[in-house]
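Participant: Protein sequences appear in the order of chains A and B.
Quick note, the numbering used here runs 18 ahead of the 1-based positions in the first sequence.
Quick note, the numbering used here runs 18 ahead of the 1-based positions in the second sequence.
These are calculated hints, taken from the structure and not from any lab test.
Take the hints with a grain of salt, since some may be wrong.
Chain copies aren't distinguished; within one or between two, either way the pair holds.
Heads up, simulated DSSO-like pairs for lysine-lysine below, C-alpha to C-alpha not over 30 Å straight-line [claimed, not checked]:
#1 Lys142 / Lys300
#2 Lys380 / Lys300
#3 Lys300 / Lys146
#4 Lys261 / Lys387
#5 Lys300 / Lys50
#6 Lys146 / Lys299
Now for the letters of each chain:
2 protein chains.
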Amino acid sequence: MVPYQQLGVKELEEVYDGLMAQYKEFQAKNLKLDMSRGKPDAHQLGFADAMLDTVSSAAGAISQSGVDCRNYGCLDGLPEVKQMMADMLEVTPDEIIVGGNSSLNLMFDAVSRAMILGVYGSDKPWCKEPVIKFLCPVPGYDRHFAITQHFGIQMVNIDMTPDGPDMDQVEDCVNNDPAVKGIWCVPKYSNPTGAVYSKETVERFSRLRPAARDFRIFWDNAYCVHRIYDEDVPLTNLFELLKKNGKADMLFLFGSTSKISYAGGGLAAMAGSRNNIELTKKQLSIQTIGYDKISQLMHARYFKNFDGIKAHMQLHADAVRPKFQLVDRILTQELDGLEIGRWTKPMGGYFISFDTLENCAKRTVSLCKEAGVVMTPAGASFPYGIDPYDRNIRIAPTFPGIEELELAARLFCLCVKLAAVEYYLTVSV
Amino acid sequence: MVPYQQLGVKELEEVYDGLMAQYKEFQAKNLKLDMSRGKPDAHQLGFADAMLDTVSSAAGAISQSGVDCRNYGCLDGLPEVKQMMADMLEVTPDEIIVGGNSSLNLMFDAVSRAMILGVYGSDKPWCKEPVIKFLCPVPGYDRHFAITQHFGIQMVNIDMTPDGPDMDQVEDCVNNDPAVKGIWCVPKYSNPTGAVYSKETVERFSRLRPAARDFRIFWDNAYCVHRIYDEDVPLTNLFELLKKNGKADMLFLFGSTSKISYAGGGLAAMAGSRNNIELTKKQLSIQTIGYDKISQLMHARYFKNFDGIKAHMQLHADAVRPKFQLVDRILTQELDGLEIGRWTKPMGGYFISFDTLENCAKRTVSLCKEAGVVMTPAGASFPYGIDPYDRNIRIAPTFPGIEELELAARLFCLCVKLAAVEYYLTVSV
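Work out the full structure, taking the sequences as your base and the hints as a guide.
Facilitator: Shown next, in the form of structure tokens:
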């Protein structure tokens, strides 16, 4: 195919007319499809339905560890659940708190506590500092950025590479600017690019010398077991490296089973050094008497241990793989050679990151919407919703059925083309 | 019986020797009893065990309202659960958020949001004010006071009366001091006195004219359905009165099923005016994608509606009534006429509030502890843990079995007597 850039105005206009005719056909279908959020589909959710059978009046609600899950207690989680989640996050049970169903909530609370009280080693609460900054690898996870914005924390864009955040930029900021108190990281199968931080990237994280003594890496390992193919891309263990360097307090780890068991009823965990976890538990004891232990019991009985989780993830991999492959195939069929878009080929996680031509992402998403396909808003994967190049779009292929997904992907490609042709026509004028 | 105060030193010493002999007998029993926290016992928890049978792979996880409870969504709760909890708190479904298992957590989060962002109508975040104060009716709930202390909010003691907080004091503070931003209230079967706010008290609350435009009443209606006897003491509806007076935004309501279904797996709710709830939902959407809906589904299927909850509470009333009666009977048998203690006779809730002689509460609790019975620490029901008279002790009779409870209550009375005699001997010297 000929790159659009090489077409003249007349050719572009012809292409545009053809695309618009196709677009109108799509509009006539009255589609109502959603590729906006990383949600499991009903088939995937069904994989864990036997979890619902693990509790009953006959089976009772006493955990293997002897805890009556119906009563108060166990602020940091049932022992067996702590063990399971600790194994998943590669920490020990005294380095973890299992709390509630939402790791986002645990991250929000961690930032909130830091603002109000400071973290272990803080001279004062973060809210007493004139300016606080967080580094935000972009494109990244919109809900991370929403938390930092909510607390009035200034966000600094850091470029993502296939190996993780640009570590030159990270080191420059962290090691020199004492206002930089944190960085958001999704180190494995990153949201949205799917990148896995390389060994070198993780090693450079372990050697950071923060200007702020209470700097924290927010290591959101949301997709640690979410490979799509047989091959799992290994992530170097940052916590271990930091321990060797005597800097273990610098790390907050997070994870959840939201995309393992149920998005609407999973378990979340926060982990870190004993200093961090002891202080967090002390502060947490003001906030709650304990999290829901019936849900913890269900997870303990169903998965049994981390091996159970790993086995379960094969089902998810088999379910989502065809969807990722389908989208990649359609993107290739429709766009290859036109030089109007690039996209990632993730080995795990929930997203494909797509870059249109510069200045074309908003228009593409808007065209999709007008034809009944909802994408994540353009810019969402950047702090303040501002993509400086207006080119990044996050594709979430898991929720729609395979036929709907094919339609949505075809429409998406059409909109990418339309926006690109419109753009070239505008700049040709 | 002769009041201890009328005894001479020699008589007191004789009494002391007799009591000490009994005390040593108790110590020899190596008791390990706990009357410290308001926890349901295993028998009570069993009342809701059929709730565990409501979910299964066969029954699925689609709510009556058509929501797949396994997936993301429903930030403010399943519609049917919102209706049930709204009926319990006497609000409408658009005036409520059902969130998580802990109303304490919802209160903590409400204060946290107020500190960081302010509430509806705030000029600025509470943390930007030079001083913030909360009124704390005493004796009151220790975990409320822990929250205010955590956020550095200054606490002002307000005397509790059998009709609720001393409203002269409340009006004086709220209507004149713009630093007063909140008051903690457990309006029905109050923790720990069991008082139900009278009609007049509630009416006076509805007529407050706060000096701070963003003043909030934290109405923790934790025991709204927790009567002990057949007779339920009605609570005047403050929200309705405030609405009539155009002051509905002044109220945050809280409730939970922690002592209805499971303490370790119940549902909590926050309610208030649409202004308050809309703003809260907006802020909450940064904190979480949604709370655990499997637990919500279980509650919806088991209780069905508020009538189901009310019927269920009869079981709890029947279970705890004998314990409250037993403690009251033993206190009366052991202490009547000695003039060394007064206690409340609650019609509902989870506690009996006991006042020793002044300066005797800490010693009484310490004597109990040394004989193997853990009470709530003396002073816990006051801000900063400081009971200015050192006389209040909270008795939580629900958790121990009936035989243990009798032993614990007898020992408690013995310790009250010992502490009183010691005190009179000291002041006689």
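Participant: Looking back at the hints listed earlier, which ones does the structure fail to meet?
Facilitator: Failing hint: just 4.
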